[in-house]
Amino acid sequence: MTESFVEIRGLTKTFRTRDGNVEVLKGIDLDVSRGDIFGVIGFSGAGKSTLLRCLNRLENPDAGSVVVGGVDIARLGKKRLREERRKIGIIFQQFNLFDSGTVFDNVAFPLEIAGAPRKEIKEKVESILDLVELTDKSRCHPAQLSGGQKQRVGIARALANEPELLLSDEATSALDPQTTYSILELLKEINRRLGLTVVLVTHELDVVKCACRHMAVIEDGRIVEKGEVRSVFSNPKSATARQFIRISEEFVRDFAVQGGESI
Amino acid sequence: MNLSKNNLGEVLASSAGQEVWSYIWPALGTTLYMLALTTLITFVLGLGLGIVLAVTGKDGIRPLPVFNAVLGTIVNVLRSFPSMILIILLLPLSRLVLHKTYGANACILALVGSCMPMLGRLVEGSLSEVVKGKVEAAKAMGTGNWNIVRKVLLPEALPSLVRSFTVTVIAILGTTALAGSFGAGGLGDVAVRFGYNRFRTDILIPTVLVLIILVQGIQALGDAIARGISRRRYLV
Chain A
496 MTESFVEIRG
506 LTKTFRTRDG
516 NVEVLKGIDL
526 DVSRGDIFGV
536 IGFSGAGKST
546 LLRCLNRLEN
556 PDAGSVVVGG
566 VDIARLGKKR
576 LREERRKIGI
586 IFQQFNLFDS
596 GTVFDNVAFP
606 LEIAGAPRKE
616 IKEKVESILD
626 LVELTDKSRC
636 HPAQLSGGQK
646 QRVGIARALA
656 NEPELLLSDE
666 ATSALDPQTT
676 YSILELLKEI
686 NRRLGLTVVL
696 VTHELDVVKC
706 ACRHMAVIED
716 GRIVEKGEVR
726 SVFSNPKSAT
736 ARQFIRISEE
746 FVRDFAVQGG
756 ESI
Chain B
-4 MNLSKNNLGE
6 VLASSAGQEV
16 WSYIWPALGT
26 TLYMLALTTL
36 ITFVLGLGLG
46 IVLAVTGKDG
56 IRPLPVFNAV
66 LGTIVNVLRS
76 FPSMILIILL
86 LPLSRLVLHK
96 TYGANACILA
106 LVGSCMPMLG
116 RLVEGSLSEV
126 VKGKVEAAKA
136 MGTGNWNIVR
146 KVLLPEALPS
156 LVRSFTVTVI
166 AILGTTALAG
176 SFGAGGLGDV
186 AVRFGYNRFR
196 TDILIPTVLV
206 LIILVQGIQA
216 LGDAIARGIS
226 RRRYLV
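Order-wise, the sequence lines are chains A and B. Under the working numbering, the residues of the first sequence are numbered 496 to 758, in order. Under the working numbering, the residues of the second sequence are numbered -4 to 231, in order.
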């Protein structure tokens, strides 16, 4: 194993709701090595999004440590947290672009916040838009774009500050299979070209299969299995992993049979 | 001239006459003056109040439950007063500040006091409607609270804010008419003094007509601006 870039130890998180307390994360230990594409897969409510959101403290952990690049995110004061957050990009299922600005404005946003000079912002935004192949959409507003294009803007915005870590919160779940594939290819390319570490959470096995080198399976707030994607697929140890693989296979089979019948 | 003594034709003819409009024109000027000044002050204070309410609210970016509850209660108390009572209550304040309890300027304080809490609540509503995910995205990029307000909440809520402002300007216009009865002058004053007290239906009709045109105009302008912004963002 190469150097760990993300080190999570004993992470717990409980949400207080109207119907009492819900323990979403029950002591997570996880390591992601630098330059890896790491997939966390789980069913709805397993805690995968919360886990991811603890990495940039959109959720405050109750206990445990979340070390990213040697810095314990869980223990930072406000100002330091803002600085560290600039080194961690995130993309969302619902894109969360700003409708008030153009594609250019959206990608420029994190740079403006970081106080970059105007000229540098322009150069950087242009080069990133080139990377995600949206140069011609620079003056468009998000509402004019397709889902896939919106997510490309989301990725561009997340990359603007040259982060070392990119988080993906179900980023392809609102996209059709073809677009999902192209977005995953883009993430892989970025990972290769910029050497940045990617942690993605998903409920789709194919996403992990297509994009990730290592994976973890999360079930009811606990990591029940982790390892190389290939080895988990060929030899799943946990019931959840087996269930995911079975569902995926059944879906492919049923889909093929149905497709055959309809012809 | 009124309908119990004269027929409709005569009343309308008088309505269009010079005498009637010699009352209405100056009153319109006073009303527009009060409207403009009150709107300006209410905008600034109401926007500030709304931002503070939204930011410190339960789902805000800087929740301050106790502060928010206290401020919310003050706003609610101010809003529970009928405008008329609030105007009467605020007149001593005008005396303190302006040494005067009559005239348009004296009433502006009362008008602001009456309309600002409403705008505050409307702005709070507009800002809370901004999708939480956008705020989270900004937070995740290391954005501080002030920049979230300035660069995310306000721009994203802009069409909705324009609609809130429009509602408020019309409410201010309505309240200026009311304030007319307390020495502020303006169209409300003319409508009550001549139209109502002196049975001058020929003055009442054009006064109300002018008010209707004003309201229609403000609403149309507000709608056009809000739509224009949304259209430029390709949201409609």
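Some hints here could point you the wrong way.
For the chain B half of the interface with chain A, some residues (derived, Cβ under 8 Å), not all of them [unchecked claim]: (1) 128; (2) 129; (3) 134; (4) 136; (5) 138; (6) 141; (7) 147; (8) 150; (9) 214; (10) 217; (11) 226; (12) 230.
Computed cross-link-like contacts, BS3-like style, restricted to lysine-lysine with a CA-CA straight-line distance of at most 25 Å [as the list claims (entries may be wrong)]: (13) A/521 x A/574; (14) A/704 x A/683; (15) A/582 x B/146; (16) B/146 x A/632; (17) B/146 x A/619; (18) A/582 x B/53; (19) A/614 x A/632; (20) A/632 x A/619; (21) A/574 x B/127; (22) B/53 x A/574; (23) A/632 x A/617; (24) B/146 x B/127.
Covered stretches of chain A (in silico footprint by chain B; criterion: 3 or more residues with CB under 8 Å from a CB of chain B, positions within the stretch not fixed) [claimed, not checked]: (25) 562 to 570; (26) 604 to 616.
What the hints contain is simulated information worked out from the structure, not anything from laboratory work. Positions of the beta carbon are idealized from the N, C-alpha and C atoms, including for glycine.
Here's how the hints hold up against the structure:
no.	hint	verdict
1	128	holds (4 Å)
2	129	holds (5 Å)
3	134	holds (7 Å)
4	136	holds (4 Å)
5	138	holds (5 Å)
6	141	violated (11 Å)
7	147	holds (7 Å)
8	150	holds (4 Å)
9	214	violated (24 Å)
10	217	violated (18 Å)
11	226	violated (10 Å)
12	230	holds (5 Å)
13	A/521 x A/574	violated (29 Å)
14	A/704 x A/683	holds (12 Å)
15	A/582 x B/146	holds (20 Å)
16	B/146 x A/632	holds (22 Å)
17	B/146 x A/619	holds (20 Å)
18	A/582 x B/53	violated (29 Å)
19	A/614 x A/632	holds (20 Å)
20	A/632 x A/619	holds (16 Å)
21	A/574 x B/127	holds (22 Å)
22	B/53 x A/574	holds (22 Å)
23	A/632 x A/617	holds (15 Å)
24	B/146 x B/127	holds (14 Å)
25	562 to 570	violated (count 0)
26	604 to 616	holds (count 5)
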